[in-house]
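Heads up: the protein sequence lines correspond to chains B, C, D and L, in order. One rule links them: number in my numbering = place in the first sequence (from 1) + 420. One rule links them: number in my numbering = place in the second sequence (from 1) + 420. One rule links them: number in my numbering = place in the third sequence (from 1) + 16. One rule links them: number in my numbering = place in the fourth sequence (from 1) + 16.
Derived from the structure by calculation, the hints contain no laboratory data. Certain hints may be false.
Unchecked claim - Below are the DMTMM-like pairs computed for lysine to aspartate or glutamate, each with C-alpha atoms no more than 25 Å apart in a straight line:
| hint | chain 1 | residue 1 | chain 2 | residue 2 |
| --- | --- | --- | --- | --- |
| 1 | C | Lys-439 | B | Glu-886 |
| 2 | C | Lys-917 | L | Glu-438 |
| 3 | C | Lys-439 | L | Glu-33 |
| 4 | L | Lys-338 | C | Asp-634 |
| 5 | C | Lys-918 | L | Asp-318 |
| 6 | D | Lys-338 | B | Glu-882 |
| 7 | C | Lys-439 | B | Asp-628 |
| 8 | C | Lys-632 | C | Glu-657 |
| 9 | C | Lys-917 | L | Asp-49 |
To be verified - Between beta-carbon pairs, the in silico distance windows are:
| hint | chain 1 | residue 1 | chain 2 | residue 2 | range |
| --- | --- | --- | --- | --- | --- |
| 10 | B | Arg-630 | D | Gly-249 | 42 to 52 Å |
| 11 | B | Ser-470 | D | Thr-199 | 25 to 35 Å |
| 12 | L | Asp-410 | C | Glu-461 | 29 to 39 Å |
| 13 | D | Asp-457 | B | Arg-468 | 20 to 30 Å |
| 14 | D | Glu-33 | B | Arg-630 | 54 to 64 Å |
| 15 | L | Glu-33 | B | Ser-470 | 55 to 65 Å |
| 16 | B | Gln-803 | L | Asp-318 | 47 to 57 Å |
| 17 | C | Leu-859 | L | Pro-240 | 10 to 20 Å |
| 18 | B | Asp-636 | D | Glu-218 | 57 to 67 Å |
Idealized CB from N, CA, C, for every residue including glycine.
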Amino acid sequence: MTRAETAMQRDRAVTIFEKGQAGRRAFSPPPLDVPERPLDELIPPRLRRSEPARLPEVSEPELVRHYVRVSRRNFDLDTGFYPLGSCTMKHNPRLHERVAGLSGHARLHPLQDPQRAQGALELMWNLERALAEIAGLPYVSLQPSAGSHGELAGVLLTRAYHEDRGAPRRTVLTPDTAHGTNPATVTMAGYDVVKVGTNAAGGVDLDDLRAKADEDTACLMLTNPNTLGLFDANIEEIVRIVHDVGATAYYDGANLNAVMGISRPGDMGFDIVHFNLHKSFTQPHGGGGPGAGPIAVSERIAPYLPRPVIVRHGGDRSNGSGREFDLDYERPKSIGRLRGFQGNYGCFVRAYAYIRSLGASGLRDASEVAVLNANYLLARLRQLGVCDLLPPAYDRICMHEFALTGAPMKSELGIRTLDLAKRLLDHGYHPPTVYFPLLVDEALLIEPTETETKETLDGFAEVIAEILREAREDPEVARNAPYTTPVRRLDEAGAAKKPVLRQPLG
Amino acid sequence: MTRAETAMQRDRAVTIFEKGQAGRRAFSPPPLDVPERPLDELIPPRLRRSEPARLPEVSEPELVRHYVRVSRRNFDLDTGFYPLGSCTMKHNPRLHERVAGLSGHARLHPLQDPQRAQGALELMWNLERALAEIAGLPYVSLQPSAGSHGELAGVLLTRAYHEDRGAPRRTVLTPDTAHGTNPATVTMAGYDVVKVGTNAAGGVDLDDLRAKADEDTACLMLTNPNTLGLFDANIEEIVRIVHDVGATAYYDGANLNAVMGISRPGDMGFDIVHFNLHKSFTQPHGGGGPGAGPIAVSERIAPYLPRPVIVRHGGDRSNGSGREFDLDYERPKSIGRLRGFQGNYGCFVRAYAYIRSLGASGLRDASEVAVLNANYLLARLRQLGVCDLLPPAYDRICMHEFALTGAPMKSELGIRTLDLAKRLLDHGYHPPTVYFPLLVDEALLIEPTETETKETLDGFAEVIAEILREAREDPEVARNAPYTTPVRRLDEAGAAKKPVLRQPLG
Amino acid sequence: MTRYTAVTDTDRSAMLEAIGVASVGELFAEIPDAVRRSAPLDLPEGLGEAEVYAELRALAARNTSVEDEVSFLGAGMYDHYVPAVIDMLMARSEFLTPYTPYQPEISQGGLQVMFEYQTAICELTGMDVSNASVYEGPSALAAAAYLAKLTNGRKRFVISRAVHPHARETLTTLCAGYEMSVTEVPLADGVTDLVAWSEAIEDDVSAVFFSQPNYLGAVEDPAPLIAAAREHGALSVCSADPLTLGILEAPGRLGVDVCVGEGQTLGNRLDFGGPSFGFFAARDEHVRRMPGRIAGETVDVDGRRGFVLTLQTREQHIRREKATSNICTAQALNALAGVVYLSWLGRHGLVELGELLVQRTAYARDTLAAIDGVAALHDQPAIREFALSLGVGDLEAVRRVIARCAAEHVNPGHPLAIDYPEYPDGLLVAITEQRSRAEIDLLADVLGRAVAAERSGAPAPRRGGEAR
Amino acid sequence: MTRYTAVTDTDRSAMLEAIGVASVGELFAEIPDAVRRSAPLDLPEGLGEAEVYAELRALAARNTSVEDEVSFLGAGMYDHYVPAVIDMLMARSEFLTPYTPYQPEISQGGLQVMFEYQTAICELTGMDVSNASVYEGPSALAAAAYLAKLTNGRKRFVISRAVHPHARETLTTLCAGYEMSVTEVPLADGVTDLVAWSEAIEDDVSAVFFSQPNYLGAVEDPAPLIAAAREHGALSVCSADPLTLGILEAPGRLGVDVCVGEGQTLGNRLDFGGPSFGFFAARDEHVRRMPGRIAGETVDVDGRRGFVLTLQTREQHIRREKATSNICTAQALNALAGVVYLSWLGRHGLVELGELLVQRTAYARDTLAAIDGVAALHDQPAIREFALSLGVGDLEAVRRVIARCAAEHVNPGHPLAIDYPEYPDGLLVAITEQRSRAEIDLLADVLGRAVAAERSGAPAPRRGGEAR
Ligand SMILES: Cc1ncc(COP(=O)(O)O)c(C=O)c1O
Ligand SMILES: Cc1ncc(COP(=O)(O)O)c(C=O)c1O
């Protein structure tokens, strides 16, 4: 490995805390332009910091080079294909960064008088209207900060709804295909999880659902298409069962990218939907956020929505107050705030720009192509014989993503899904989601998204085929992959056993 | 190489013209909002394009990914040490990009009424004043677009000066250490080059200069410190000799980074100076520009300066006309324009921000540290024994850069300067300038700049030492380097023999 | 096909053929007719990039940003200078566009940043461990509450009324699910009333919450607040303003169990309230109940140092209904801005900036309190925010004063009475390093005249409102 | 130490010791006292980042940009929309900060972009070869002149008066060195006077220069212009507006020897005139006399495709006084913007944008010419610019008209008479895709009233001036 050790591999990880020298600085403080008073007079010594925070001491060039170098140790969506199932890694238009960065948006204080923040409120209002239309549900709150925050809001709304009707309940149903945030949310909202099984077609087991839905059921949380990438054709019946026991139907919108403009959760009968603006609406993921998880709800849930709510005054723009758009705090049945201020506005700007760019037919096109791309990639993998070793978990037309099982590959070639994923890294691809959904053995969940070209899908399929060919000859290659990444396989067990969670400082 | 072939190496270069498919597009045209007329009526068919330009047809995601991937095949200053002699690769502050991007600067039309471009003109005026102070010469023109453009302006000014005095001349003196642009400029300005030799100390050979300076001499072009990184201690005498024959003294300011606030070309007696804002004043190089090459001149040269000239009206700001700052075109002796509009204003904004950030003492600090860093790196290389094989071409205190000769390395280890440079690539360093200056055998010109840390210099010195050690064991390693770069050694001779200068299109 | 998709007609035919269907419509055949739309959505058609830009710019132009007036608004988010290097780094595709780092070998960039961020937060707060970020300040406080619930299972929280109103409300919202009661402790002279605090805390209390500095800008004395909690075995949670921790003692050193806060002041722009990030740091003993991602150090098979997401058995994707939190996507990019900002400020810069804020704030407080009728609402120590009583009577009058100032392009601050009726003409004024002495003097002049006009009963411009 | 340097006191001592000197001053000992300064420069002291930002923002605020008014200024630089992807790519350290690609193995990014750029320029212009950029438009034309001089050594240039005045002046400046004479051919009905042109060209002419479209916005008929040159063995050089080449015939197909032009319209912002880039394309036979960098394709030792700077024996660093040009640093980053822009527009977009411009320009020309007193200066075909006569008499009157419009936040265009006294009340009006019909109608309204007021002798606002 020595000659061919890459410059990045030679360059062992050094944190910013290990860089620099005492006395270096990137920041030049503004001059003190007011009469100086003894600090002790202003802040009593006993309240003051006793030992300084040992922050880095670096010059600006060191700072820049450190983080630019560090950044190059990341793979990203602008660099390559990122078919991470359930994550909708679609192209992030740079226009969105430009408009979000305009000072009228980026440097607007959240407590600015609404009269002088009319542009922001109008944008939020318009975004709410668009999301309501896409969801097929009339009322929207933009407040939640991510999908799981939206879920929590949704289940708390359910709770408020049942309590307001004087009939609190105890359980929430989640299919065994559900994303982990669903059951985790249920617990945080004080309910008990009741798991519902999956039928042979990959959908909800209706009998199991009927057996488990009862007067204790507060809600069913469902993803549709589900995390297997399959649309549940029984959706109307499912919602009927749930409604029949007086429970609410919650739609986890993480997979909305399959059905925008094609099928609406509201039309399916759902009461509450969350959106992941950082999935279907292309807010960049940032390596783990920020995102935004607005919710749309039906009439009966609306009174409980988080406050404040954006309102539009009828009549002319000025409307006496100069405030066509305003924030309404007087919502007696509201569950209250979920966070500070009005939500992740920067994400709203981007999502709104996206919706304005695509329009009605563009959104539909996005979903159609997302589904076309997924089915094509699956077909291509089949053509190349890949599916002999990696068959689809459910052999149906898929929606925007599909699940393969690596079980045959494991038994025939002796490499695991993990090995395949790691070998992909040497080829410059981000692997699909692995080992999720849990009920698929050696799962591989592949979501190409609509912004990828046929050529990219073809190239990816061929590389998978090549890796399988290579593994047939010598499975060790994949088992020890990757070779050329900045670091190779990492000791995760060791990390968890003796956690080192911060840089120790001398 | 197969397992360890990096993802970038696997990923063979494909141009944007080979991407995409007929019909794809990143651009959505605005709607036609005026009554449409037949195109033939507006532009006669005979003047119209007969065959379309075969531009790429790509979607926006393809476009973005293509260029982001391509970008990752570049090394850059934010990623690593870039001690490229004569190029002053100092840190480029991002503040400069921010201020240059403000719409009041970036979206200002060059023909805007000066009354409504007062901020721009004031900035240019202030920059001129600052550059004049740094040069020690009273008048400045910001117009030239780069160093060589400034040189051309300077020699044309010399020509205008001599002609105006009724005594045109024929030759321009340039030392044999001069940068290639100096003699090339001389030719373009219609003069003949007369070369002046270098003495044992690396400075101008005074006897040779005396022998060659005569009434045919229009000008001497000199870099000081020169391209060997040495300050010519005879500078006063040199200028005297030149002035004594009635010639002008031109200062190539590419090496100004050694002497800002320490020694001024004007004080040395020079008549004309060019600046490289993309060197000493940290305008980013952009992979080969843009830059800016303002010139500063003495009183006697001023009448010939390119027009327009920025003027400041005395008195109060409004001054009747509302134009405190204005453009003056009425310059009867001006050599005229060198280009369109007022020069590379975007570079002026950055340079001005830099000067405002550093101020008088910061500029001096920059030069002091540039010289300290260079001498330290040389000392460090000596300590590590590197200079046994790579001795300095002139064994003196250097200025901001120093020249080594690889001749002993070549004879003792059997590797050339080129091999050393190529092996550095595997270690993640940009090599120094190689094979320049021409009069040093197997030259290596090293300019660390002031923005590098001692740790970086130490690391670089150690890597050089390590490469020499490795070469002593096995010179083939260096001779075949690099190994891990996106491509390995390229066939440059082949490229020149059968030039392929554009993508052939089907 | 839009500009973001790439399926040409030729592509489509080839793809459909490979799939073995005749049309894209067939792919959706499993969706029951009743829930499959044929009509287009009721949304306007798409626009070109330049037109979208023009529309969003027009909307931006209808907002008055802190670049359009001299603003002293704070109350939770502050107009600190964000250095240009942060914009650049946040815009780099390598940081902007990846997902959560599930494949560590190709995510060392993001993981190392998380590790550095955790280190910086630990240093700043004096806590043992930090996670890699939560959503933002108020929900961070609620997350700390959930940790307390998991820790001791008790049924009551005690919170100071001096904690940000949004955080108090968020706590109430989010603990409704697990049926906690919340006791609010009033203020005395601008800080948490220590007597009431001690009385409120009994053995049924799961955790106590205070803020440093508090909503009125006053520096609390945390030691007795924490001691009271410890006496009853309750966890103590401090919501701290990180930019004041160059001056104020690190909460960790004072013995809090959890320190949370809003990270906006650390290199994040205002963005009308988000995205920013919340930080969450705790004592070692709580680490396995922490919410969210945590990066840890390890080595690769060749012995190279590397970083991974660790302690994942806390998390929803592993533990599902038994997870310690449901959080998944958090605020990694904003946290990146946070650690870059702290590295930019550096060890000394943090202190120097803090000192500058203290001095300018003292000057501003004195200068404004000298206005006829105006008085400081409390005389507690302050770092960069303080509360005034304007001497104009009520909230409506305060609103008129603000409207008068706004007409002169000065935004004097946020009215207190919306959230604290007990301070009917209170005003919260924030000072950052971007507000020079000259601007403070301008505020004194403008506010002075506005208050005088109000007090003399002069007719006022149309009153504005405010968000809260 | 500044924020950009890193030598602490400890560092300095260690470094000086290693060097073997006692002080930094000693390093400068070789500079003679008489030319070594002890006094500091007479410049203000340095500022922090936030303060520099504030100062530069204040300067920017004193400029009226195309975002601050509805601007119809053109005359060489145009307010076309620059897509956001270009900002992002130009800001990437990988493109922004490297030097010229002297080490090709680690510069494949920049080199490939040059290669692609050269391809795009060849396609656009119909020429065989392109270099990797020159400074900007007018100096590109002068560079073509130098190539002609090297080619045939003749002593006279012929240039159409319809070429941009800056280009004509730059040519005169830069060919002064090698003692060329320049003959200018007048216009007839808005285009180059073909009779005068043919008369001016004789066997002593090295090269001829025309512009497409010309400065008045008129489309020239290049075929006879080129034929006249060919007849006398002179090179023909066309300065073309690249954004019109979706509509107009490629100069290369019409037989020009060299095609140059200003690249600003290809994805570069206005920047008060620069940096943008000049393009330089020629017929194959001229390639070894071309100025500047040229990238070429090759292979590496393993057979991988790669790119290098090639044909360097033309260049100053190899050939010194025998080089075909002195150019070194050019405009690589701006050329990158150019090729990204062209790829963004794409094969069809280039045509569609051109057609939109033609239609809007026709509409604008008709609408404005319908104003009382106003007339089109010529009725030649036009793509996105045209000249009017305002019917107000002279330049001073035109200036007053412009000042009236400016007061209504409309900038109607650039006065012609500064450079063309023969059109005393001429106005050059540019239309880009960013000027909607509504804005054109606004211009018609505002200009109509301004002209009417001027013609009725109403008192005018203080007159402005203009740059040229
Ligand atoms: C199906 C599903 N539901 C919910 C979530 C949680 O969304 P967030 O990460 O925004 O909290 C995800 C995220 O991956 C998901 O895939
Ligand atoms: C000494 C010297 N002179 C002149 C130049 C030419 O400057 P530019 O590239 O800006 O034309 C250079 C550039 O490397 C140089 O090093």
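How the hints compare with the structure:
Distance hint between Lys-439(C) and Glu-886(B) is fulfilled; the C-alpha atoms sit about 23 Å from each other, no more than 25 Å. Of the pairs offered as hints, the one joining Lys-917(C) and Glu-438(L) is violated, with about 52 Å between alpha carbons and a cut-off of 25 Å exceeded. Distance check on the hinted pair: Lys-439(C) and Glu-33(L) sit about 57 Å apart at the alpha-carbon level, beyond 25 Å; violated. The hinted pair formed by Lys-338(L) and Asp-634(C) meets the criterion: a straight-line CA distance of about 23 Å does not exceed 25 Å.
Taken as a hint, the Lys-918(C) and Asp-318(L) pair is honoured in the structure, with Cα atoms around 19 Å apart against an allowance of 25 Å. This hinted pair does not check out: Lys-338(D) and Glu-882(B) have alpha carbons roughly 40 Å apart, beyond 25 Å. Of the pairs offered as hints, the one joining Lys-439(C) and Asp-628(B) is violated, with about 51 Å between alpha carbons and a cut-off of 25 Å exceeded. Of the supplied pair hints, the one linking Lys-632(C) and Glu-657(C) holds, its CA atoms being roughly 15 Å apart against a limit of 25 Å.
Proximity of Lys-917(C) to Asp-49(L) is assessed by CA-CA distance (about 53 Å); at most 25 Å being required, the pair is judged violated. Distance hint for Arg-630(B) and Gly-249(D): a CB-CB separation of about 47 Å, consistent with the stated range 42 to 52 Å. For the hinted restraint 25 to 35 Å between Ser-470(B) and Thr-199(D), the CB-CB distance of approximately 32 Å keeps it satisfied. Checked against the hint of 29 to 39 Å, the C-beta distance between Asp-410(L) and Glu-461(C) comes to roughly 34 Å, which is consistent with it.
Checked against the hint of 20 to 30 Å, the C-beta distance between Asp-457(D) and Arg-468(B) comes to roughly 28 Å, which is consistent with it. Hint check: Glu-33(D) to Arg-630(B), Cβ distance near 41 Å, so the stated range 54 to 64 Å is violated. At about 36 Å, the beta-carbon gap between Glu-33(L) and Ser-470(B) misses the expected band of 55 to 65 Å. Hint check: Gln-803(B) to Asp-318(L), Cβ distance near 31 Å, so the stated range 47 to 57 Å is violated.
Taking 10 to 20 Å as the suggested C-beta distance range, the pair Leu-859(C) and Pro-240(L) does not conform, at roughly 54 Å. The supplied range of 57 to 67 Å is broken by Asp-636(B) and Glu-218(D), whose beta-carbon atoms lie about 33 Å from each other.
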